[in-house]
Amino acid sequence: MDRDYMQTATLSFPEASSVFAEQSYVVEIPDCHKPRMGSCGIAGCINIDGSMISGSKIEKMITTMSERENGLGSGFVAYGLFPDFAEEYCMQFLFENEDSQAQTEELMSNWVYMIKDEKVPTFPQRSMMPPFPLVRRYFVRPKKGTEVYIRTGLNEEDYMVRLVMSINETVPGSYCVSSGKDMAVFKGSGYAREIAKFYDISRYKGSMWLSHSRFPTNSPGWWAGSHPISILDWSICHNGEITSYGVNRKLVEMAGYKCTLLTDSEVVTYLWDLMVRRHRLPPTAAAFAMAPWYYKDIERLPDNERRLANQLRITYKEAFLNGPFSILVGRSDPVVTMMALADRKKLRPLVMGVSGDGNSVYAASEECAIKSVQGDAEMWATRAGNPAIVKVGEGIVRRGTEAPFLGAI
Amino acid sequence: MNKEVENMMIDAGHRNDLGHPLDYRELNRQIREAICEGKERLILMNVMGQRYIASATSNPNMRIEIHGTPGNDLGAFLNGGTIEVFGNAQDVTANTMNDGRIIVHGNSGDITGLAARGGTLLVKGNSGYRVGIHIKEFEGVGPNLVIGGFVNDYLGEYMAGGTILILGQGVEGSPVGLHVGAGMHGGRIYVRGPVGKHQLGPAACLAEMTDKDLKKVDSLIDQYEKAFGGDVDRSIEYSKVIPLDSRPFRGHYDSTTI
Numbered sequence: 001m002d003r004d005y006m007q008t009a010t011l012s013f014p015e016a017s018s019v020f021a022e023q024s025y026v027v028e029i030p031d032c033h034k035p036r037m038g039s040c041g042i043a044g045c046i047n048i049d050g051s052m053i054s055g056s057k058i059e060k061m062i063t064t065m066s067e068r069e070n071g072l073g074s075g076f077v078a079y080g081l082f083p084d085f086a087e088e089y090c091m092q093f094l095f096e097n098e099d100s101q102a103q104t105e106e107l108m109s110n111w112v113y114m115i116k117d118e119k120v121p122t123f124p125q126r127s128m129m130p131p132f133p134l135v136r137r138y139f140v141r142p143k144k145g146t147e148v149y150i151r152t153g154l155n156e157e158d159y160m161v162r163l164v165m166s167i168n169e170t171v172p173g174s175y176c177v178s179s180g181k182d183m184a185v186f187k188g189s190g191y192a193r194e195i196a197k198f199y200d201i202s203r204y205k206g207s208m209w210l211s212h213s214r215f216p217t218n219s220p221g222w223w224a225g226s227h228p229i230s231i232l233d234w235s236i237c238h239n240g241e242i243t244s245y246g247v248n249r250k251l252v253e254m255a256g257y258k259c260t261l262l263t264d265s266e267v268v269t270y271l272w273d274l275m276v277r278r279h280r281l282p283p284t285a286a287a288f289a290m291a292p293w294y295y296k297d298i299e300r301l302p303d304n305e306r307r308l309a310n311q312l313r314i315t316y317k318e319a320f321l322n323g324p325f326s327i328l329v330g331r332s333d334p335v336v337t338m339m340a341l342a343d344r345k346k347l348r349p350l351v352m353g354v355s356g357d358g359n360s361v362y363a364a365s366e367e368c369a370i371k372s373v374q375g376d377a378e379m380w381a382t383r384a385g386n387p388a389i390v391k392v393g394e395g396i397v398r399r400g401t402e403a404p405f406l407g408a409i
Numbered sequence: 001m002n003k004e005v006e007n008m009m010i011d012a013g014h015r016n017d018l019g020h021p022l023d024y025r026e027l028n029r030q031i032r033e034a035i036c037e038g039k040e041r042l043i044l045m046n047v048m049g050q051r052y053i054a055s056a057t058s059n060p061n062m063r064i065e066i067h068g069t070p071g072n073d074l075g076a077f078l079n080g081g082t083i084e085v086f087g088n089a090q091d092v093t094a095n096t097m098n099d100g101r102i103i104v105h106g107n108s109g110d111i112t113g114l115a116a117r118g119g120t121l122l123v124k125g126n127s128g129y130r131v132g133i134h135i136k137e138f139e140g141v142g143p144n145l146v147i148g149g150f151v152n153d154y155l156g157e158y159m160a161g162g163t164i165l166i167l168g169q170g171v172e173g174s175p176v177g178l179h180v181g182a183g184m185h186g187g188r189i190y191v192r193g194p195v196g197k198h199q200l201g202p203a204a205c206l207a208e209m210t211d212k213d214l215k216k217v218d219s220l221i222d223q224y225e226k227a228f229g230g231d232v233d234r235s236i237e238y239s240k241v242i243p244l245d246s247r248p249f250r251g252h253y254d255s256t257t258i
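Heads up: the sequence lines are chains X and C, in that order. When we follow my numbering, the leftmost residue of the first sequence carries the number 1, and every step to the right adds one. When we follow my numbering, the leftmost residue of the second sequence carries the number 1, and every step to the right adds one.
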């Protein structure tokens, strides 16, 4: 990250809430809970039969790995949250103040019909650092047929992406943290346990949850920059560093995405959206483009796969994510899907687990997170650069140990 | 007369007021306290990701049983005694182990046996990436790592000494990944099964098994069978990976060095 970003990052929400105006924020933290060495933690769970999982389960998973976080960000994403509004885009916002909310609503009114809007219940914790943002969600439908819509010449999804990008870029203090159907992101600056309580995660139920606890190394810890980072129905929890950020950013910016969240991880979200939704690559091909084999190893593949692998490396060379990472990817179009991918040298931890009855599948940085909620889980590890894919209704499509491009659709 | 050995049980299962598992420092404090009191047999129940368990323990009679999932850096700097895990171990198990034994009745994660310099590590199942990197030996004392299943890439990278044995039980084809022994300049890797040339890293090469090697492998398999029971089929052919040279990067960085 260059310095400009670091400086603008400090502006986050200077005067939002006065909840604790008269109280003392300084809480004596016992020695054993002071921030210390760590690294990001990621955790996810999905029920193959589509049955609902309580938020308290994912909360237990991510807080089991409290060793890995330092209190500068955490977040959760749930899929299958709003069955009553499953056809509307749910745009969830962090507003710095009422002004940014008003400006955002004004901008949105030209672009979308607002079917419903509501305040997201939040419960600021004494141990958290104020100010707190206003959190609000809007169920919207694109205003098709209007002048704005026609002028953009975009399809519905790209139109929504354009709206999110223009809000994040142009409205001061307003950040759209999720914009997909039937899903929402709950994230902020704090420990995982604090963010879970801030949003009261246990009140929500979803068929899939992903979560992240943050240990920022090269970008600032702040509310909108926490993970999961989401666009449309995509959400990404990322543990690692993208050292090729500059190149990746160039690729997504040329495709119309705006990088506004001051973190390298957001390019990963846009890359998935670009390659899989817009370019219609199968997820395994997109994963190969992000974490490709070495050329000398590609030589050993059978003819067809070798050609495909070489073409992907050449066509999507700007999508190659250099540096250590392990990511969890969630999407719901066409079915709720969890994908887990580690970099091509497996420089960040990632383990998978499946419950004894085969219905619940888990992914996490550490096995203890999975064993804490599913004692009988059968564990396995994905191979480097090899995605594990789990779908509601279909089961474990890929275990992440297969040859490249298998189980691609 | 046999000394009566007292079992001491520590339950790591309860969560603290923040909802986190018992803090690793608190658990390790209890373990060290028990060791200082002269306890020689500890049973840890419901372990849930606590790190650095039994690090730097040095009493050779010490025996620590772990039920649950121990966290990263299990037995780091272990200097004596036996740690037995009934379950899987996470990453960086036996980090810089100096002596003693770690027995894992399950799988172990990535970077198992990082920089070990002595002692024995037995893993019943599989392990991950970068197993036994930078392990070393001095004056005939070195670590022995035995993995019952398969391992992934970068096995024995930068290895300077010691012995690794991969049994590959239940694995079809090669039980090791790519870049085996990349940059190694000492020690030996025995693989029960085939290792292709393309799997070798720079500075490693294949060699014939000698009688001395077979004797060493036999003694390690004996230990493995004793720890986990069962019979390991010894008729499968071994591949042996050794360094090409004791100075693989001679002249690479400074052409004036000898």
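Keep in mind the hints are simulated off the structure, nothing from the lab. Check before you lean on any hint, since a few could be wrong.
With beta-carbon atoms standing in for the labels, derived distance ranges [as the list claims (entries may be wrong)]:
{"no.": "1", "chain 1": "X", "residue 1": "SER202", "chain 2": "C", "residue 2": "GLU237", "range": "32 to 40 Å"}
{"no.": "2", "chain 1": "X", "residue 1": "GLY50", "chain 2": "C", "residue 2": "LYS212", "range": "56 to 64 Å"}
{"no.": "3", "chain 1": "X", "residue 1": "LYS296", "chain 2": "C", "residue 2": "GLU237", "range": "21 to 29 Å"}
{"no.": "4", "chain 1": "C", "residue 1": "GLU208", "chain 2": "X", "residue 2": "SER54", "range": "58 to 66 Å"}
{"no.": "5", "chain 1": "X", "residue 1": "ASN304", "chain 2": "C", "residue 2": "ASN59", "range": "53 to 61 Å"}
{"no.": "6", "chain 1": "X", "residue 1": "GLY256", "chain 2": "C", "residue 2": "GLY186", "range": "49 to 57 Å"}
For the chain C half of the interface with chain X, some residues (derived, Cβ under 7 Å), not all of them [to be verified]:
{"no.": "7", "residue": "GLY13"}
{"no.": "8", "residue": "HIS14"}
{"no.": "9", "residue": "MET45"}
{"no.": "10", "residue": "ASN46"}
{"no.": "11", "residue": "MET48"}
{"no.": "12", "residue": "TYR253"}
{"no.": "13", "residue": "ASP254"}
{"no.": "14", "residue": "SER255"}
Lysine-lysine pairs mimicking DSSO-like chemistry, simulated, CA-CA at most 27 Å apart [what the hints assert, rightly or not]:
{"no.": "15", "chain 1": "X", "residue 1": "LYS296", "chain 2": "C", "residue 2": "LYS240"}
{"no.": "16", "chain 1": "C", "residue 1": "LYS226", "chain 2": "C", "residue 2": "LYS215"}
{"no.": "17", "chain 1": "X", "residue 1": "LYS205", "chain 2": "X", "residue 2": "LYS57"}
{"no.": "18", "chain 1": "X", "residue 1": "LYS181", "chain 2": "X", "residue 2": "LYS144"}
{"no.": "19", "chain 1": "X", "residue 1": "LYS296", "chain 2": "X", "residue 2": "LYS258"}
{"no.": "20", "chain 1": "X", "residue 1": "LYS119", "chain 2": "X", "residue 2": "LYS250"}
{"no.": "21", "chain 1": "C", "residue 1": "LYS226", "chain 2": "C", "residue 2": "LYS240"}
{"no.": "22", "chain 1": "X", "residue 1": "LYS258", "chain 2": "X", "residue 2": "LYS144"}
{"no.": "23", "chain 1": "C", "residue 1": "LYS136", "chain 2": "X", "residue 2": "LYS345"}
{"no.": "24", "chain 1": "X", "residue 1": "LYS60", "chain 2": "X", "residue 2": "LYS116"}
{"no.": "25", "chain 1": "X", "residue 1": "LYS296", "chain 2": "C", "residue 2": "LYS215"}
{"no.": "26", "chain 1": "C", "residue 1": "LYS197", "chain 2": "X", "residue 2": "LYS345"}
{"no.": "27", "chain 1": "C", "residue 1": "LYS215", "chain 2": "X", "residue 2": "LYS345"}
{"no.": "28", "chain 1": "X", "residue 1": "LYS181", "chain 2": "X", "residue 2": "LYS345"}
{"no.": "29", "chain 1": "X", "residue 1": "LYS181", "chain 2": "X", "residue 2": "LYS205"}
Where is the CB? At the ideal position from N, CA and C, for every residue including glycine.
Hints and how they fare:
{"no.": "1", "hint": "X/SER202 <-> C/GLU237: 32 to 40 Å", "verdict": "violated (56 Å)"}
{"no.": "2", "hint": "X/GLY50 <-> C/LYS212: 56 to 64 Å", "verdict": "holds (60 Å)"}
{"no.": "3", "hint": "X/LYS296 <-> C/GLU237: 21 to 29 Å", "verdict": "holds (27 Å)"}
{"no.": "4", "hint": "C/GLU208 <-> X/SER54: 58 to 66 Å", "verdict": "holds (60 Å)"}
{"no.": "5", "hint": "X/ASN304 <-> C/ASN59: 53 to 61 Å", "verdict": "holds (59 Å)"}
{"no.": "6", "hint": "X/GLY256 <-> C/GLY186: 49 to 57 Å", "verdict": "holds (54 Å)"}
{"no.": "7", "hint": "GLY13", "verdict": "violated (10 Å)"}
{"no.": "8", "hint": "HIS14", "verdict": "violated (12 Å)"}
{"no.": "9", "hint": "MET45", "verdict": "violated (13 Å)"}
{"no.": "10", "hint": "ASN46", "verdict": "violated (10 Å)"}
{"no.": "11", "hint": "MET48", "verdict": "holds (5 Å)"}
{"no.": "12", "hint": "TYR253", "verdict": "violated (22 Å)"}
{"no.": "13", "hint": "ASP254", "verdict": "violated (27 Å)"}
{"no.": "14", "hint": "SER255", "verdict": "violated (27 Å)"}
{"no.": "15", "hint": "X/LYS296 <-> C/LYS240", "verdict": "holds (23 Å)"}
{"no.": "16", "hint": "C/LYS226 <-> C/LYS215", "verdict": "holds (17 Å)"}
{"no.": "17", "hint": "X/LYS205 <-> X/LYS57", "verdict": "holds (10 Å)"}
{"no.": "18", "hint": "X/LYS181 <-> X/LYS144", "verdict": "holds (17 Å)"}
{"no.": "19", "hint": "X/LYS296 <-> X/LYS258", "verdict": "violated (35 Å)"}
{"no.": "20", "hint": "X/LYS119 <-> X/LYS250", "verdict": "violated (36 Å)"}
{"no.": "21", "hint": "C/LYS226 <-> C/LYS240", "verdict": "holds (24 Å)"}
{"no.": "22", "hint": "X/LYS258 <-> X/LYS144", "verdict": "holds (23 Å)"}
{"no.": "23", "hint": "C/LYS136 <-> X/LYS345", "verdict": "holds (23 Å)"}
{"no.": "24", "hint": "X/LYS60 <-> X/LYS116", "verdict": "violated (32 Å)"}
{"no.": "25", "hint": "X/LYS296 <-> C/LYS215", "verdict": "violated (37 Å)"}
{"no.": "26", "hint": "C/LYS197 <-> X/LYS345", "verdict": "holds (20 Å)"}
{"no.": "27", "hint": "C/LYS215 <-> X/LYS345", "verdict": "violated (34 Å)"}
{"no.": "28", "hint": "X/LYS181 <-> X/LYS345", "verdict": "violated (34 Å)"}
{"no.": "29", "hint": "X/LYS181 <-> X/LYS205", "verdict": "holds (15 Å)"}
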